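Visitor: If you're matching them up, the sequences are chains A and B in order. Here the numbering used here is used: position 158 in the first sequence is 158, and no number is missing along the way. Here the numbering used here is used: position 235 in the second sequence is 1235, and no number is missing along the way.
Hints are computed from structural coordinates only; laboratory data are not their basis. Some hints here could point you the wrong way.
[Claimed, not checked] Only some residues are given here: those of chain B computed to face chain A with a beta carbon under 10 Å:
hint, residue
1, THR1201
2, LEU1204
3, LYS1257
[Stated by the list, open to error] Now the in silico label distances, taken between C-beta atoms and shown as ranges:
hint, chain 1, residue 1, chain 2, residue 2, range
4, A, ILE178, B, LEU1052, 14 to 24 Å
5, B, THR1213, A, VAL15, 54 to 64 Å
6, B, GLY1137, A, GLN196, 47 to 57 Å
7, A, ALA188, B, GLU1148, 16 to 26 Å
8, B, ARG1164, A, SER151, 35 to 45 Å
9, B, PRO1031, A, GLU299, 48 to 58 Å
10, B, GLY1137, A, GLU299, 48 to 58 Å
11, B, PRO1065, A, VAL198, 15 to 25 Å
12, A, ALA35, B, THR1056, 36 to 46 Å
13, A, MET1, B, MET1216, 26 to 36 Å
[Stated by the list, open to error] Simulated pairs of lysine-lysine, DSS-like, Cα-Cα distance not exceeding 30 Å:
hint, chain 1, residue 1, chain 2, residue 2
14, B, LYS1002, A, LYS3
15, B, LYS1261, A, LYS326
16, A, LYS199, B, LYS1171
17, A, LYS320, B, LYS1257
18, B, LYS1222, A, LYS131
19, B, LYS1107, A, LYS18
20, B, LYS1261, A, LYS298
21, A, LYS131, B, LYS1230
22, A, LYS327, B, LYS1107
23, A, LYS320, B, LYS1261
24, B, LYS1257, A, LYS296
25, A, LYS71, B, LYS1171
26, A, LYS211, B, LYS1261
27, B, LYS1222, A, LYS326
28, A, LYS211, B, LYS1171
29, A, LYS3, B, LYS1257
30, B, LYS1211, A, LYS296
31, B, LYS1002, B, LYS1107
32, A, LYS298, B, LYS1171
33, A, LYS327, B, LYS1230
34, A, LYS131, A, LYS49
Bear in mind that the values here come from a model prediction, so they are computed numbers and not experimental data. Each residue gets a CB set at the ideal place from its N, CA and C atoms; glycine is no exception.
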Amino acid sequence: MSKHVFVFAEQRDGVVQKVSYELIGEARRLAGELAQQVVAVLVGADVGKSARSLIAAGADEVIVIEHPILKEYVTEPYAKAVYAVVQARAPEIFLYGATAIGRDLAPRVSARVHTGLTADCTSLAIDSETKDLRMTRPAFGGNIMATILCSNHRPQMATVRPGVMQALEPDDTRTGSITKFDVAFTDADMNITIRQVVKASKKAADITEAKVLVSGGRGIGSPEAFETLRALADAFGGEISSSRANVDAGWIGRERQVGQTGKTVRPDLYVACGISGAIQHLAGMEDAEYILAINKNKEAPIFGVADLGIVGDVNVIVPKLTEALKKRQA
Amino acid sequence: MKIIVCIKQVPDTTEVKLDPVTGTLIREGVPSIINPDDKSGIEAALQLKERLPGSTVTILSMGLPQVDVAMREALAMGADDAILLSDRPLGGADTWATSSTVAAAIKKLDYDLIICGRQAIDGDTAQVGPQIAEHLGLPQVTYVEAIEAASEEQLVVRRQFEDRYHIVEVKLPCLITTLSELNAPRYMSVGGVFDAYREKTVQLWNLENIKDTVDMDSIGLKGSPTRVAKSGTKEVKGQGELFEVNPDEAVAVILEKLTAKHII
């Protein structure tokens, strides 16, 4: 009989990724409703030292699979490891981050296990009657919300985007067990050869971590206008982000794109500057705590989700707002 | 090199608009296109064909008969063959059943390389490519943003991650999934369009064509582990306050509201 809520604890260079703690926070809540446990699965070359942090984040047990073959992420060795855990432990639920790793690994595992997989979920809930996992996700460019069930197959598997779920406050007094798990890897498992690993030279600002985002849309008019937005973001102690149009135009890097094909953000304050508010953009930011929209067009859909809307020229209002903020702080 | 490119015809979701009054999706008049990541897959295949003379490019899709238009477009871009798998019992398939069915079709063909777009813009799941690879027991490299080298034996590709990339060597046969950043897909040429409708054909396949490779319990809605329990438009958040005032007043309003909310 399948049991417990499992989380794939994604790590890179031995550092557990933030999304994994978020998933454990969510798994804690789901496991509570099922009266079951949270099990984190930590896979890598030399990662055991991070197991404690997963317990502090809410895991009851951490399964650690360590092997030199697992140093860099490669589909087959990782899929083999996770599949072995599924076979041995029969999880009820298995969650993965919807990252470039999770979205490669989870479908491969789902096909091997013969179970369903729901991508990029934005909310998870336990059905009060059947106890099945209700997985809700956006589809069709972000405006349709679909709730998916996987009633007859286990584990019920889902990927969740970074920034969507809430991590718990780490609690070092929490107790849990750490289980070493052996997988019999062979050379044949390494079915590709990594010639080179090239890391991004400087850590790009992570817009999903920013408390305040000042975001520019087509309406800012020029790539230089991002400098103006940057000044406002600095005054707020935040970061700049963008709608897709400016990214496609090459005005700003793709890592700063908010929306369906970019990142999902939920800052305390989102300042939408000259963003009309296409549904694909709204899908990535409408859960922000407070949305301030500045746009020339009174009919812009962004005003439909904004807490505060200002009809006007961003290139006039933003510098004035920056000055006023600086004055207050002085 | 024998290349199969799996494509999906999708509604152009960037053209989808909201009804400002009801807040519902306006579906009418939304054009159907070849999914952008898949189109980059077609372009990648055509470039490989140019690099490695004697190569063939076969387009494979599962869908309704009207997907013929997308198949013709791929042929007009320069693909050699096209196979459209279409049958009533295949409808309602989730990614697991879709990948099982497509894999069953691929088993009927000769191939060295299978290319899928990373994800489709209507579903955004990115699952079908890896699942096909698993069903066929092939190595996979997803999120391919560049093809650095290619021979009849192997590919060297650049695999994208959020914080790094890998230069990866993978032996054929294998499956890769392509990002739209990989290339700028060519347009159909006039001659290409002519060929696509006059010289080339789209083979229509149904379950009969894959009967000895398909598992009938793994197709369509019936063979899908997941079900849509509920779907609907998102609740639209209540509109906040809107001000149309001069810039200085606007700044004053913003500061007042942000202060009241303890944001500043």
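Visitor: Against which earlier hints does the structure fall short, listed by number upward?
Guide: 1, 2, 4, 5, 6, 9, 11, 12, 14, 19, 22, 27, 28, 29, 30, 32, 33 and 34
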